[in-house]
Amino acid sequence: MNRPILLAVLLSLFAATAFPPGEASALSGQPVPFSHKTHVAGNGIDCRFCHIYATRSASAGIPSVAKCMSCHRVVAAGNPSVKLVARAADEKRAIAWNRVAKLPDHVYFPHHKMVNAGVPCLFCHPGVDQAVETVQKRAFTMGWCMACHRQRGVSIDCWTCHK
Amino acid sequence: MIDRRDFLKFTGLTAFTALFGGCEKLSRTIVPFVIPPENYVLGEALWYATACRMCPAGCGTLVRISEGRAKKIEGNPKHPVNRGKLCARGQAALQGLYHPERLRQPMKLAGARGSGSYTPITWPEALAILMPHLAKIRSEAPESLLMLSGRMRGHANVVADRFMKGFGSPNRVSWEPLGHDAQLAASEAIYGIRDLPEYDLANARYALSFGGDFLETGLSPVHFGRAYGAMRQGRETVRGKLVHFGSRFSMTSANADVYFPVAPGTEGLAALAIAHVLLRDKLLPQAAGGGVWDGGLKEITPEAVSRRTGLPPSAFVETARELAGNRPAIALAGTGPATMGNGTYNLSCVALLNALAGNYGTPGGISFPDRRATLSRFGGDAQLIAPAPESGHGALRAATDRMRKGAFRVALLLEPSNPAFALPPAFRFEEALGHVPFIAAMAPFIDETTAHADLILPTSHFLESWGDDFAPMGHAGNAITLMQPVISVYHDTRAIPDILLAAARELGGPLASALPAGNFREYLANAYAGMEIPFEQALQEGGYFRMKPGPLRPLPKDAGHSMPKASEPAFAGSPDRYPFVLRLYPSNSLLDGRHANLPWLQELPDPLTTAVWRNWVEINPDTALKLGIAEGDGVAVASPAGTIRAHAVLHPGLAPDVVAMPLGQGHGRYGKFAGGRGENPFTLLPDATDAGSGSPAWQSTRVALSKVALKGRLVRFGFPEGQWKPDQFIA
Numbered sequence: 001m002n003r004p005i006l007l008a009v010l011l012s013l014f015a016a017t018a019f020p021p022g023e024a025s026a027l028s029g030q031p032v033p034f035s036h037k038t039h040v041a042g043n044g045i046d047c048r049f050c051h052i053y054a055t056r057s058a059s060a061g062i063p064s065v066a067k068c069m070s071c072h073r074v075v076a077a078g079n080p081s082v083k084l085v086a087r088a089a090d091e092k093r094a095i096a097w098n099r100v101a102k103l104p105d106h107v108y109f110p111h112h113k114m115v116n117a118g119v120p121c122l123f124c125h126p127g128v129d130q131a132v133e134t135v136q137k138r139a140f141t142m143g144w145c146m147a148c149h150r151q152r153g154v155s156i157d158c159w160t161c162h163k
Numbered sequence: 001m002i003d004r005r006d007f008l009k010f011t012g013l014t015a016f017t018a019l020f021g022g023c024e025k026l027s028r029t030i031v032p033f034v035i036p037p038e039n040y041v042l043g044e045a046l047w048y049a050t051a052c053r054m055c056p057a058g059c060g061t062l063v064r065i066s067e068g069r070a071k072k073i074e075g076n077p078k079h080p081v082n083r084g085k086l087c088a089r090g091q092a093a094l095q096g097l098y099h100p101e102r103l104r105q106p107m108k109l110a111g112a113r114g115s116g117s118y119t120p121i122t123w124p125e126a127l128a129i130l131m132p133h134l135a136k137i138r139s140e141a142p143e144s145l146l147m148l149s150g151r152m153r154g155h156a157n158v159v160a161d162r163f164m165k166g167f168g169s170p171n172r173v174s175w176e177p178l179g180h181d182a183q184l185a186a187s188e189a190i191y192g193i194r195d196l197p198e199y200d201l202a203n204a205r206y207a208l209s210f211g212g213d214f215l216e217t218g219l220s221p222v223h224f225g226r227a228y229g230a231m232r233q234g235r236e237t238v239r240g241k242l243v244h245f246g247s248r249f250s251m252t253s254a255n256a257d258v259y260f261p262v263a264p265g266t267e268g269l270a271a272l273a274i275a276h277v278l279l280r281d282k283l284l285p286q287a288a289g290g291g292v293w294d295g296g297l298k299e300i301t302p303e304a305v306s307r308r309t310g311l312p313p314s315a316f317v318e319t320a321r322e323l324a325g326n327r328p329a330i331a332l333a334g335t336g337p338a339t340m341g342n343g344t345y346n347l348s349c350v351a352l353l354n355a356l357a358g359n360y361g362t363p364g365g366i367s368f369p370d371r372r373a374t375l376s377r378f379g380g381d382a383q384l385i386a387p388a389p390e391s392g393h394g395a396l397r398a399a400t401d402r403m404r405k406g407a408f409r410v411a412l413l414l415e416p417s418n419p420a421f422a423l424p425p426a427f428r429f430e431e432a433l434g435h436v437p438f439i440a441a442m443a444p445f446i447d448e449t450t451a452h453a454d455l456i457l458p459t460s461h462f463l464e465s466w467g468d469d470f471a472p473m474g475h476a477g478n479a480i481t482l483m484q485p486v487i488s489v490y491h492d493t494r495a496i497p498d499i500l501l502a503a504a505r506e507l508g509g510p511l512a513s514a515l516p517a518g519n520f521r522e523y524l525a526n527a528y529a530g531m532e533i534p535f536e537q538a539l540q541e542g543g544y545f546r547m548k549p550g551p552l553r554p555l556p557k558d559a560g561h562s563m564p565k566a567s568e569p570a571f572a573g574s575p576d577r578y579p580f581v582l583r584l585y586p587s588n589s590l591l592d593g594r595h596a597n598l599p600w601l602q603e604l605p606d607p608l609t610t611a612v613w614r615n616w617v618e619i620n621p622d623t624a625l626k627l628g629i630a631e632g633d634g635v636a637v638a639s640p641a642g643t644i645r646a647h648a649v650l651h652p653g654l655a656p657d658v659v660a661m662p663l664g665q666g667h668g669r670y671g672k673f674a675g676g677r678g679e680n681p682f683t684l685l686p687d688a689t690d691a692g693s694g695s696p697a698w699q700s701t702r703v704a705l706s707k708v709a710l711k712g713r714l715v716r717f718g719f720p721e722g723q724w725k726p727d728q729f730i731a
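Chains as they are written, first to last, in this note's numbering: chain B, 1 to 163; chain G, 1 to 731.
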């Protein structure tokens, strides 16, 4: 066996270990088809109406079933997707949404610091307001974070984000 | 070909990525609440106050809730019993909550009784099985309903009591293996008050412990741990002294300044010998002991007691002088002497010593707070809310006899304290259960007792339940603890009072009007309406702690005490054939075995032997040498009732003719964590009781030891062989 083939074999083994399959499939397909476009662009709902913890917590939060039903008990109650949520509410069953935006475990990202500093939601989540199916369009690379932190003159200490 | 260098590089790289691949990635799903709690902010913990139910002490707790899950339990700083502290058993309550073997839905018996074979069913199906049985016997013979529960306090106990009264059956038995029958009988004999005394250890300068286990498994370990710390270090110039008389070297005796080993069952005599010296030498001039002195104390000289206890007479004389010179001095007795055949006698002697030393109602002494005064607004229910309402061992025995005679057609087992495990086989509890045509259990787990049920209704964990509690000790009789569900119910379970309320509603008639509330929370809120502090605020604080304490209960027999009736401990088996007295004690972590299914407590090292996950037999090194038994060897412990095997632990603090074993292990049907770990020491016991109170006597047999082959080994954290030299202890 020559060296390039062996290298390729070893690299693919490495890739298989480092990036287990299933990551990609988890991104698509939510338990309830949900369109940000309908809610944000169509009806002009503010992000923070549903993601209520964005100004108070590190995590912006996904709305509870009760939050969805506060409108949908009346609004679009006949929509098949809304019916899925209504059934979960009746059964007092939580909905397990698939994670879309991903940050590595070693990064601490406090939503409330950014939002309260006036960073628009769409700056990091571009196109979400127009998304029928939500996907992550921006790669959250360290260089991109640092560029903005430098530009705004805020902390670039390692421990600010890696703690 | 790749060379060795490249190969190593790639191997290293693959190993590195494999290592990080093993780290759990961010979870792929996000599960928000169905209905978020009020004032909730994602990522911030909420703390809820409730009470601990892991032992009978009734400590107050705060539970940290994060995203709807209970994550950590701490003591409630406002609670008078534990003041922010909590023991390991309390911490381990979380494992009971998330236990994989918890019953998740009702279960119907699918095989023979005791087989543990069950089919899951729904609640409507389960109630459709139970309710016709109840309705039928209610119209035909209501007294053929038996309710057997563990210890119940507070309004859960009121609901259970009203249910039975409304049903028309007087047959309610509440049984607790760690009950206080002997202490209650001793208080009654000496003070004329059938209640648990309050010990003010914190303010004592001198404490005498007679087989006391107050620091590990006694009446209220966290309260006494705190009080002991205050006695030792809480005052600038006073360091309280603790003297321990006992037949086993326990954690409390390890903390004592002086440890006097006495023969099992002679703890009471030792207390009397000290009382004798106090009166003989007029060490306490104010001690009024006339009647007692002539009533028999005169004969209990240190010399006479010396022969029985194995201690030199000087031990009693010196202790009495120290006691007289270091007031306030207090005497406490523990589980060891209480669970002898002469348990009430032992505890009465200790109570008499306190009485003669003038300890009643003084700081650093004992007292009987008027707990009923606090609860007087509950009228007739006050007695049911107060501590120690359990009906005692005698009532269980009577009910078991009647079961055999076919007196009961339906038995309700309400989280029973596992009598099928924690009673000697000679009691024949399981056989008696076989005579009841229909048994319904309400319990969170299948254990040796609930495995006999035809139907099991799964109950909620105490962290998921409403309730209230009244701690038996550690406050001035004025602290009511409230319990609230700190998380929503995790499985399809219901709390016992809720099941009873629903059953009462369905059965109708006077039963329904006796228990009018729709659910137990409503019942509780109605009961506490109009208290000094609003219910919501009390829930927030964990209870009502600001009420003015009532006065102490007056002593009906204050004028003159009488000598306790002399009683000897009885031990089954002849000394020739069974040369050693068996000393059984509740395990520091598993107690009588109720926590054996919690791995955290299984892996908690015993404070003295550092052993985990199994049981053992403590043997004096001298005795072990004569029998050819070495540290860790398999030993067969044989009594007239049976034989079990355990690993040997050589223990220099034990008398040569005594061997000791912890209770708790040897479960047959309590899940995978409890099963297959040692054998059950209860099976060695005869069906013996304390003569004075009828409570079970755990120290009631002699045993023989022999070396056997035993699979596996006893895991210990310490290095026992390195801690002492055997020849140091061999005379």
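Do not rely on the hints blindly, as some may be mistaken.
Each pair of labels, with its calculated beta carbon distance range [claimed, not checked]: (1) G:R235 to B:H162: 45 to 51 Å; (2) B:P104 to G:E74: 30 to 36 Å; (3) G:G379 to B:F109: 38 to 44 Å; (4) B:G29 to G:P510: 55 to 61 Å; (5) G:P124 to B:H162: 36 to 42 Å; (6) G:Q537 to B:V132: 45 to 51 Å; (7) G:R546 to B:A41: 52 to 58 Å; (8) B:T55 to G:G676: 52 to 58 Å; (9) B:V75 to G:G379: 49 to 55 Å; (10) G:W47 to B:G29: 34 to 40 Å; (11) B:V75 to G:E140: 53 to 59 Å; (12) B:R87 to G:E140: 41 to 47 Å; (13) B:A101 to G:L46: 24 to 30 Å.
Note that these hints are calculated values from the structure, not bench results. Backbone N, C-alpha and C define an ideal beta-carbon position, used for all residues, glycine too.
Numbers of the earlier hints that this structure fails to satisfy, in rising order: 3 and 5
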